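> Please put together the full structure from these sequences, using the hints given.
Protein chains in written order, with our numbering: chain W, 1 to 237; chain Z, 1001 to 1188.
FYI, nobody ran anything at the bench for these hints, they're computed from the structure. All values derive from a computational prediction rather than experimental measurement. Each residue gets a CB set at the ideal place from its N, CA and C atoms; glycine is no exception. You can trust all of the hints, since none of them are fake.
Taking lysine-lysine pairs in the DSSO-like style, the calculated list, with each CA pair at most 30 Å apart, reads: (1) W:K166 x Z:K1091; (2) Z:K1169 x Z:K1091; (3) Z:K1089 x W:K166.
Not everything, but these chain Z residues come out facing chain W in the computed CB check (under 7 Å): (4) P1031; (5) A1077; (6) I1078.
Across the chosen pairs, the derived CB separations fall in these ranges: (7) Z:E1146 x W:A117: 20 to 28 Å; (8) Z:D1006 x W:F118: 37 to 45 Å; (9) Z:A1095 x W:G88: 44 to 52 Å; (10) W:G33 x Z:R1092: 28 to 36 Å; (11) W:Y229 x Z:K1169: 36 to 44 Å; (12) W:L82 x Z:D1085: 43 to 51 Å; (13) W:R4 x Z:G1176: 15 to 23 Å; (14) W:L54 x Z:F1019: 33 to 41 Å; (15) W:E15 x Z:E1168: 21 to 29 Å; (16) W:Q73 x Z:R1165: 52 to 60 Å; (17) Z:G1126 x W:G88: 47 to 55 Å.
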Amino acid sequence: MRDRDLDDILRRAAEAKPEVDPALLNRIAMSLGSATQPVHALPPSWILATGLVLICEAAAIGGALLLGAHGVQRMTWVEAGLIFSVLGILVWFAAMLCVAEVIPGSRRPIAPWLLCAFCCIGLGATFALLFHDYATERFVSQGLACLGAGLMEALPASLAAWWILKRGFAVNPVTAGLATGILAGLAGVTMLELHCINFEAPHLMVWHIAVLPVSAAIGALAGFTARAYGPRRKGRA
Amino acid sequence: MDSDIDLQLLMVRYQQGDFGAATALVNRLSPQMHRFFLAQFVSRRHADDLLQETWLRIHEVRHTYRRGQPVLPWLYAIARNIRVDHYRKAKRSAAREEQLGPCSDVAEAPKARSAGTPDLEALLAGLPQSQREVIAMLKITGMSLEEVARATSSSVGSVKQKAHRAYEKLRRGLAGLGMADVSRGGPA
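Right, here's the structure in full:
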C-alpha cells in the first residue's frame, strides 16, 4: 500500500466523524462574544529577548558591583573578551528560547535540555582553553561559596525574566521553567566571572558551570510545581 | 496559503475586539479541532468539553498571537495543552476513584464501524500517543510538517520520523485487517 492510499483512507476516516453540534458552536461564540475586548499583542520576539538580555546582564553587573568586580580586573583582555563573548552569545540564545517557550506555536531555536548541555560544554571548553592552573586548593569550600553566590544571583535574574515574560502563555511550564533557569544560571555565571578571583581550572569548570544545571533544574522543578499545584489561569489580556 | 492569510486577518480582528471575527473563527476551526480531539480517543462528550475549554483558553491568551505568524500551530499548541491537562486530571481522578470502579471517560475503546468506511479510532488504535497526535494534525487538520513541529514544540525531523513510523504501523495494521483494498474499491 502506498502513502497516497493511506492518506486517502485517513482522510475519509476523518471526514466520517460526526460534525460538531451547531448549538455548541453558538454557545462558544456567544461566551467569547460577551467578553471580547481589544487586546495588545505581545511585542516581537527580538524585543522581548533584548529586554531579557539587558535585565539579566544588569542583574549580573549589579551583583558583581555589590560583591566587588575583582575577577574581571585580574583577567587579561583576551580572557575577558573570550569569556564574556561566549556568555553573551549563550545568554542571547537562552533569551530567545525563553521567549519561544511562552508563545504557543513558535519555532524553538533549540530544545532547552540541549541548550543547557551546549552551555556547559561551551563554557567548559572556554575555561579549558584559557586557564591551565590545575591546583585544587580549598576546592569544595570555595566551590560551594561560588555555587551559592551564583544561585543567589540567579534568583533575582529569574524573577526579572518572569516579570518580562508574564504576559506570555507557557504551554509546557516545565520546559519554560527549564529555559528560564538556564538564562538565570547564565546571569549567575556572568556575575561569578566578574567577581571570582579563583582562576584554577577545576574550580571554574566544576563550580562555576554547576550553577547552570542546578539553576535549570530548579527552574524545571518550579515549572512542574506550577503545573501540578498552581492556580487555574485567569484572563491576562 | 490564502486560507491561512484569512485566518491571520480574522485573528488580528479578534484581537481588536471584533465579535464577528471571533464567531467566524469558532465556526471555521471548531469542526477540525473537534475531530482532532476525537482522534485522541476521547468520548464525544469530552471532545465537546475540550473544545469549549480550548476556546476559553484561546480567548484568555489571544494576545500571545502575533500578526503574520501562522494561526494553526498557535491554536493547536493550545489545544494540545488542554488535552494533556485533561489527560492528567483524568488520570489523577481515576487513581482517586479506583476503589469505586473503573474510569470509562478517559479513553473509549475504538468501535468497529459497520459500513465499509474505515473508522479513524480503529485505524489509530495501534499507534502510540505521540504518533497518533502527529497523524491527527497532519491528516485531519491539514497542517504542514513545519506547522506540526511548531505546534508540538519539536523539530521537523522528529515529526517526519513519527509520521513515517506511524505509516509503517498503519500499513501493517491495515494489511492484517484486510483493509488494503479499501483504498482502491472501498466506499467513500
